[in-house]
Amino acid sequence: MSALDATGEELSVRETLRTALREELARDDTVFLMGQDEEDGGSFEVTADLYEEFGRDRVRDTPISETAQIGSGVGAAATGLRPVVNVSYSDFIAICFEPLMNQAAKMQYMFAGATEMPLTIRAIEGAGFNAAAQHSSTVHTLVSHLPGIKAVAPATPRGSKGLMKTAVRSDDPVVFFEHKNIYERTGPVPESEDFTIPIGEAAVLREGADVTVVATQQLVGEALSVAEDRTDVDVEVIDPQSLSPLDTDTIAESVRKTGRLVVADESPLSYGLHAEVATRIAENEFYSLDVPIQRVGVPDTPIPFSPPLEDEVLPTAEEIGLAVDRVV
Amino acid sequence: MATLNMTDPSDQRSALRRMLLIREFERAVRDNFADGEIPGFVHLYIGQEAVAVGACSALEDDDYVTSTHRGHGHCLAKGMDERTLMAELYGRRDGYCSGKGGSMHAADLDEGMLGAQPIVGAGVPLATGAGLTAQLRDREWVGLSFFGDGAFAEGQVHESINLAATWDLPAIYVVENNLYSEGMTYEKQHNVENLADSAAAYGIPGVIVDGMDVEDVYDAVAEARERAARGDGPTLIEAKTYRYRGHYEGDPQPYRTQEEIDEWRENRDAIDTFAARLREAGVLDEGDREEMQSAVEADIEAAVEYARDAPFPDPEEAYDDVFAEPNPDVEYFRERLGRTGGADP
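Same order as they appear, the protein sequences are chains A and B.
Heads up: the first sequence begins at 0 in numbering that gives the first Met the number 0, then just goes up one per residue.
Heads up: the second sequence begins at 0 in numbering that gives the first Met the number 0, then just goes up one per residue.
Looking at chain B on its own, in the form it has when it is part of the complex (with noise of 0.2 Å):
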């Protein structure tokens, strides 16, 4: 998806229509994985839109971006097509891992999208790796990783950061503090007030934005992408947001109160916020965004009839891409087990 430029009214338009659909997308999933239409764990994105939205639009095509469990969000803001990540998300053949993903897993190395990773954390070194290709081949991209303040106890981030900060590697982390870790407050999991004061034990810039601010966010990730492209080395960034929705869909939520949800979602929401910026300033006029609303809910509409309406994979498909290249232990299970011949889906 095309680079923004946040100065520009109608990039700024863009902005909060991805911030829109992105929302509208994970509604249609929470509806339609609570009717049973999608199988599998979701983890849903909705509250902190702002940070996928912002930080992607400081990035190049080229760029590459890994993600989480919670991974829709940087999907679309990255450029992935809507429809064929909720053909994914049903486990259909027309998505984007035909069906063998799901939503814990979705990728498209073609708009740089490394793969959502419900690892906690795993997708860290994935980023740090791809800033790494870049060093050693003069690539132009950036590899930037969107985690998680649970993740941020995980040995693996802090080894990466680490690496990226010693190699001068070009890498942008993208902390999205939204104050839980699974169903586990921040302060069980974290002796610090800000994750981005470690970056003084790395030596890099650490920086916290409010991750309710799409502008913010992008301000931050467009200083840290310069940085990295001129070879100065990795930037911490912490975002500090709010999950809207419980860890995974169908999640009690005992570790927290509603009246915190409420009070994050009437006085600190990401779309309003950004929306009443742009009506003040006169990018958005009267009916603007109830427009760009009906607009997304029509392209989710969309999606979800796609989804619904591609094949499923055939079962043999299971056997593909395990390698590069058949491999003949899985031929020589499948006829051990008179798999082969082909069953009905």
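Bound conformation, chain A alone (with noise of 0.2 Å):
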């Protein structure tokens, strides 16, 4: 079943996500959850009850220590556990990139497979809160960038449950991004405890023949609402979930049909995750393209407080529209 056709109870992507930890906790009694308020909800709440259902050896506030909220739960991963570490704010991975980068990413390969990597680490992203430079960040291409890293930043409550399912049953170290802007948005979920979705899989959440607009997070709804409103246009629109390893053959395919490709994400553009997939389009299907790919995102600045100028830097449905135009 495609996301196309999903169905299930109507659930919010906060709910989804909680739903989902909890059924992981009560699964497999290696798996724990730890990080900053995390036994009252952690940020944005999204473990909220969980600690009174599991208690502290399931469920643990740490000191506010990213280093070592990440590089305990490497060796915890390393030695038999199965860790989910929230480190709230995304822009905190800056304090922990040491264990990320040369411990959870490396071991397996330094180590020739001699241990696994069962570890999830949940980063909570993006801006609109007008919570200035610090708390608005969008670092999911820093953290894909790595090697022996996997990233998934689903935009929908189905993708939420499914890939937070293959994270945390996966052996391998998986950086789970949650915008804080979609926590609300409601969607129809499965409601099988083992309903999962490989890592790796991209999501056509609307079919369209003219232009394909690969969209992430809160930009999903924003592509959505703009092929909505299209009706000069046909769009697809495709939410990659994964975005370390990329489903290029889902998007190829997709080009392979319109010929046209917007990307849409609302990472700093250079270096991006546009740039991966418009890499991976022009390697792959250079000839079916007719028009040059357009990226939408933030112009490499780092994001202001005032709302005017947050609203000015931030991509939006209006600049989807704008890329659209520019292709057809």
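The set of hints was computed from the structure by calculation and includes no laboratory data.
Just so it is clear, the structure is predicted and the values come from calculations on it, not from any experiment.
The reader is advised that the hints may include incorrect statements.
Unchecked claim - Computed footprint of chain A on chain B; a stretch qualifies when at least three of its residues, placed anywhere within it, have a C-beta under 8 Å from a C-beta of chain A: (1) 13-27; (2) 35-43; (3) 140-154; (4) 259-271.
By construction, the Cβ of each residue, glycine as well, lies at the ideal position given by its N, Cα and C atoms.
Once you've looked at the hints, go ahead and assemble the two chains, each given alone in its own frame, into the complex.
So this is what it looks like as structure tokens:
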């Protein structure tokens, strides 16, 4: 069943993530959650009530020590546990980049497979809250650049459930990015406790014949609204869901049909996810393209505080629409 | 802001007034944030005023301080103007950071404020660096870092203090132990009773002060500043204090009781304690505090009016100051996105 004909209970992204984590905690006693304020639900209350249900051995507060949070997660993962570590705002990954980049990412390889790394890191990213430069960053392309780390950033409740389950069950390190502006987004979620989505599988959320828009996180909703509003052009919307590895085939297949590609992602534009998607299509579907690929993102600034400034640098539905105009 | 002499009655009154100003500023932020006028996240300093005022009153104008996410008190105590600070919180062009920073990044290098700092612990190495500049360039200033008990669990805090201790840098580390790290109790974060005890690990003095007593804080920082200025290196000062509001405005605070908050407010309030002491000493006459309170209320009301009336920045100002020089990549992407040509605010 594809994302197009998804059925199930209507749930929000937040409820879906909480349910997925609750089910995995119940299913496998090596799974545990840790993070700042995790016992009270963490930032944005994704894990609310889980401490009451499972106790401190399974859901625990950490000191404000991102390096130790991730580093001890790596050590626990290498020695038999399945940690889910919340670093709160993704900006804080900067503090714990060492155990992420040098340990979690490389240990399996350096030790020639002598250990597995069943570590999930949750990171809350994205702008739109006037939270200023150090609580609004989108860093998923930075993480996706690391060999040995898998990165996912689903936009829908369905994708959130399927990929959280897969991330927790995976024997590889997965960074799970949650955009803070989509926790309230609702959608149908398959009920099975074993519903999973493979890492590296994109979701076609709307079929269209004229333009392919690959959009992530909050911008999936913006792309879908553009697609619904436009009567002059038939837009296909794809949520890659996984950023690394990336589902090149699904995007390439779409571009073979449409001949036009727009990539919308909240990362800074230089060296971003946009560039990776565009390169793969240029490598594989150069002759399918009718026009140059268009990118929509943040024009290489940090995220400013003041509402008119933040609005200025953030990508919008309007800009996706303008990019669509440029390719048709 | 000028250094105060805490044995001078006039300066004692100034210290009280600064504490009242900070509290009134924070009350206005609380109310106007709740009303939706102030965007983003705010973290209030109410309860801890004695620490910022006591410490900054012992500093010289050229000294640098770094602050935290709970930074308004440090900004005002170091001499920043309440109107310009309020305008920054409102996201206005006339704010200290032209609206780019907001509450969590307020800064004014002219007043020696190297920045509020919402990455927990991240201000500590920056103040250390200000001390390094002083040492290498023979400057008279010291670097003082305010940080919380929560930050004491961060690696960069310990790395910085160790570095400063090893190099005898003119630095002062003021950890404001308000008993809560975000929504977590002290006991969940630390295994020592006193954070100042950790000073032994760096081979520097560790001093515990009553963070609800502005004079106690002042005395410790004045002594630490003398030590730093002599070239004898840093001091770690733990100020035992208490925040009256939640970690952030809107925090439901399941981690503590109203009774606990009331106990601190009613029996240990820094402003009440200091005002009573000044009255007993004859420094404050009957009605003086009320008069001072009315004056700071008028100042803060004027600050709010100033902020409300100040213009927002133009959207294209978002592209200024990414670098010292214009960045061709920013311009390239603006053009590609069709953002040049100036959208209306």
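Checked hints:
A stretch counts as covered by a chain when three or more of its residues have a beta carbon under 8 Å from one of that chain; for the segment 13-27 of chain B and chain A the count is 0, and the coverage is violated. Residues of the segment 35-43 of chain B lying with their CB closer than 8 Å to a CB of chain A number 3, which satisfies the three-residue condition for coverage. Counting residues of the segment 140-154 of chain B whose C-beta sits closer than 8 Å to any C-beta of chain A gives 5, which meets the bar of three, so the coverage hint holds. By the rule of at least three residues with a Cβ nearer than 8 Å to a Cβ of chain A, the coverage given for the segment 259-271 of chain B is violated, with 0 such residues.
In the structure shown, a violation is registered for the earlier hints numbered 1, 4, in ascending order.
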